[in-house]
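J.: Sequence:
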Amino acid sequence: MHMITRVAVAACVLAATPALASDPAPQVTGQTTAQTAPVAPVAPAAVPATSVAKNDIEKKDPMICQRVEEIGSRLRAKKICMSKSQWEEQRRGDRSNIERSQIQRGMDPVG
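Residue numbers (the numbering used here): 7 to 117.
Source of the hints: derived by calculation from the structure; they are not laboratory data.
Careful, some of the hints might be misleading.
[What the hints assert, rightly or not] Derived DEER-like restraints, expressed as beta-carbon distance ranges:
1) Asp62 <-> Gly112: 41 to 49 angstroms
2) Gln72 <-> Gln108: 24 to 32 angstroms
3) Asp62 <-> Ile109: 35 to 43 angstroms
4) Gln110 <-> Arg73: 30 to 38 angstroms
If you're wondering where the values come from, they're calculated on a predicted model, not measured in any experiment.
Yeah, the Cβ is synthetic: ideal placement off N, Cα and C, and Gly gets one too.
Given the sequences, and given the hints that come with them, work out the whole structure.
T.: Written out as structure tokens, the structure reads:
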């Protein structure tokens, strides 16, 4: 049910985006066209450098999504999306935690 609601909201937002992005209609105030100043055409906006840099970063560090089963459920799974470098950092952190727990277990005098 929540998925349908999310899809419906996303569709409404996508449908409304062009309407919000367009220029508003010029207001007619009773002046003749000879009295109004000509409007210079607006040049299209150039692509910002940040989006170009972002595309380069995405190519070097792509997003990777994995489905992870939730503990206690055979049917339910979560989709987790992170960049490649974030997955590598996650694996390094997990590995260091495992090594730390193995070292501490060996040093436990109680045994």
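J.: Now tell me if each hint is right for this structure.
T.: Status of each hint after checking the structure:
A C-beta distance of roughly 46 angstroms is found between Asp62 and Gly112, which places it inside the suggested range of 41 to 49 angstroms. The hinted window of 24 to 32 angstroms between Gln72 and Gln108 holds, with their beta carbons roughly 25 angstroms apart. Look at Asp62 against Ile109: about 41 angstroms separates their beta carbons, and that is inside 35 to 43 angstroms. About 32 angstroms separates the C-beta atoms of Gln110 and Arg73, a value consistent with the hinted range of 30 to 38 angstroms.
The structure is consistent with each of the numbered hints, conforming to all of them.
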